[in-house]
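Here the protein sequences line up with chains A and B, keeping their order. Quick note, this note's numbering runs 24 ahead of the 1-based positions in the first sequence. Quick note, this note's numbering runs 24 ahead of the 1-based positions in the second sequence.
Check before you lean on any hint, since a few could be wrong.
Heads up, the list lumps identical chains together, so a pair's fine if it works in one copy or across two of them.
Simulated pairs of lysine-lysine, DSS-like, Cα-Cα distance not exceeding 27 Å [unchecked claim]: (1) Lys107 x Lys70; (2) Lys218 x Lys194; (3) Lys70 x Lys83; (4) Lys37 x Lys187; (5) Lys50 x Lys70; (6) Lys86 x Lys37; (7) Lys50 x Lys194; (8) Lys186 x Lys70; (9) Lys50 x Lys37; (10) Lys51 x Lys37; (11) Lys161 x Lys187; (12) Lys51 x Lys186; (13) Lys51 x Lys70; (14) Lys83 x Lys127; (15) Lys70 x Lys37; (16) Lys50 x Lys83; (17) Lys50 x Lys190; (18) Lys37 x Lys83.
Since the hints were derived computationally from the structure, they do not count as laboratory data.
2 protein chains.
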Amino acid sequence: MFKSNYSSILLEKAVEQFSTLPGIGKKSALRMALFLLNQPKENVEKFASAFLDFRENIKHCKVCNMISDTEFCPICSDNRRDKTIICVVESVRDVLSIENTDKYNGEYHVLGGIISPMDGIGPSDLYINELEDRVSKGSINEVILALSTSMEGETTSYYLFKKLSKYGVKITTIARGVAFGDDLEYTDEITLSKSIENRQIFKQ
Amino acid sequence: MFKSNYSSILLEKAVEQFSTLPGIGKKSALRMALFLLNQPKENVEKFASAFLDFRENIKHCKVCNMISDTEFCPICSDNRRDKTIICVVESVRDVLSIENTDKYNGEYHVLGGIISPMDGIGPSDLYINELEDRVSKGSINEVILALSTSMEGETTSYYLFKKLSKYGVKITTIARGVAFGDDLEYTDEITLSKSIENRQIFKQ
C-alpha cells in the first residue's frame, strides 16, 4: 500500500509543497494539487509565474518600507495624503487592513516586526532608524502607534515613544477597541476604523 | 485609496491566482502571497517547480487510469494485489481515500467522472470502454462499484451494471455506510473501510 506516497512521487512532492502554505494541511494540499492537474497547462503556468514574479520583483518603498512595484509606494507618492501623520505598523498586512477601512488619510511606516527578545529580534533588526530619520526632519506632527497589544507590541510602543518624544511630535496609540491579544488582520473594519478615529495620547 | 489593488499590481496578481485554488478566499490568498514573500527565493522556486513538474509530467496508468509517474501505476504493477477484483471509482482522490483505509487489496478503475447529462457528460466521455475491455478478458471475478450516491452516481452504476453483467462477473456496490450525498473524500476511514467490507450484490 502507498499510504504515504500517493502512488506518485510527483504528486507527493506537489502535496508536500502546498502543505507548507499557512493554514493548509495535507488534505487541502492534495485537493489543490489535483485541482491544478485538471486545469489547462497555461493556467498552471500563469499561477506559478504570478507569485514567482511577485517574489522576484517586489520592492520595498524607500520611505515607509511598504511593499511596492516602484521605489516609492503609491501611498507615499500620493499628494492628497496627509504627509504630517505617520501610522506605525508591524507588517504589510496591517497597512492593507487599515487602508481597507477607508478612514485613514496619513502615511505609514512598516517596522517589519516587533521587538521580541525571545525570538532574538532587537530594535536594530527593525525599520526603526528610518522612522526616527523621518520624524527628525521636523515636518511630522503626529505618530500613531498601531502595534499589537501583546507584551512585545507594548514594549515596542514604549521603545518608540522614548525614541521619538524628544522631537516634540505628538505620539498617539490606536484606541483599545481592538481586543487584547487580537491581530489587526482579523479585526472587523468598523472596530478597526473606530480605533483609529479614537486614538489617544500615549501615556507613559 | 487602493482598496482593490493592494498597493501593488504584483501582489494583486499573486492574490488573484492563489484565490483560484479550491477553498481559498481573498484573505487566505493574501496570507499565502505574503508568506511566500518572506520565504527564501529558492523555496518559492521549489514550490512552483513541484506542481509545474507534477502537472507537466504526470501520466495516467494504461490499465486503470490512475495517475502515475510511470506507464503502469504502482497498484497495477504490484503482484501482491488481487488481480481478479476491480473497484470502480470516479476520481484519483477516491483511490487515495480507499488506499488510505488499508482494507482493500484489489485493483481499481478510475472513470474520470460520472454520467451527468446536465453537464453534458455521457458514457463516451468517461473511461468506460476500457473497463469493459478489462472485464471482457475473463480474468475478473468481481467489479465493486464505489460511486457516489447522487442521482448521477446511481445512474452511472446502473449503466455499468447493464454493460458488465453480460460477462458473468459478480457486480457489487460498497455498503451504504457512506451517508447519502456525502463524498468519499470526506468520509472517515472506518466508515469507508466498513463500506468496502460490507459490499453487497448490485440489485436492479
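Results of checking the hints against the structure:
With identical chains, the CA atoms of lysine 107 and lysine 70 are never at most 27 Å apart, being 38 Å at best within one copy and 41 Å at best between copies. For a Cα distance limit of 27 Å, the shortest separation of lysine 218 from lysine 194 inside one copy, 19 Å, qualifies, whereas the shortest one across copies, 69 Å, does not. Within a single copy, lysine 70 and lysine 83 get their C-alpha atoms as close as 21 Å, and across copies as close as 22 Å, so both meet the 27 Å cut-off. Taking the shortest Cα distances, lysine 37 and lysine 187 never come within 27 Å of each other, neither inside one copy (48 Å) nor across copies (38 Å).
For the identical chains of this complex, lysine 50 and lysine 70 are neighbours both inside a copy (24 Å) and across copies (18 Å), given an alpha-carbon limit of 27 Å. In this assembly of identical chains, the alpha carbons of lysine 86 and lysine 37 lie at most 27 Å apart only when taken from different copies (22 Å versus 38 Å within one copy). Taking the shortest alpha-carbon separations for lysine 50 and lysine 194, neither the intra-copy value of 49 Å nor the inter-copy value of 36 Å comes in at or below 27 Å. Taking the shortest alpha-carbon separations for lysine 186 and lysine 70, neither the intra-copy value of 48 Å nor the inter-copy value of 44 Å comes in at or below 27 Å.
For a Cα distance limit of 27 Å, the shortest separation of lysine 50 from lysine 37 qualifies both inside one copy, at 11 Å, and across copies, at 25 Å. Taking the shortest Cα distances, lysine 51 and lysine 37 sit within 27 Å of each other both inside one copy (14 Å) and across copies (26 Å). For a Cα distance limit of 27 Å, the shortest separation of lysine 161 from lysine 187 inside one copy, 14 Å, qualifies, whereas the shortest one across copies, 83 Å, does not. Taking CA atoms no more than 27 Å apart as the test, lysine 51 paired with lysine 186 passes in neither setting, with 48 Å inside one copy and 35 Å between copies.
In the homo-oligomer, the alpha carbons of lysine 51 and lysine 70 lie at most 27 Å apart both inside one protomer (24 Å) and across protomers (20 Å), since each shortest distance falls under that limit. Taking the shortest alpha-carbon separations for lysine 83 and lysine 127, only the intra-copy value of 26 Å comes in at or below 27 Å, while the best inter-copy value is 53 Å. With identical chains, the CA atoms of lysine 70 and lysine 37 are at most 27 Å apart both within one copy (20 Å) and between copies (10 Å). Taking the shortest Cα distances, lysine 50 and lysine 83 sit within 27 Å of each other only across copies (22 Å), while inside one copy they are farther apart (32 Å).
Taking the shortest Cα distances, lysine 50 and lysine 190 never come within 27 Å of each other, neither inside one copy (52 Å) nor across copies (42 Å). Within a single copy, lysine 37 and lysine 83 get their C-alpha atoms only as close as 30 Å, which misses the 27 Å cut-off; across copies the closest is 15 Å, which meets it.
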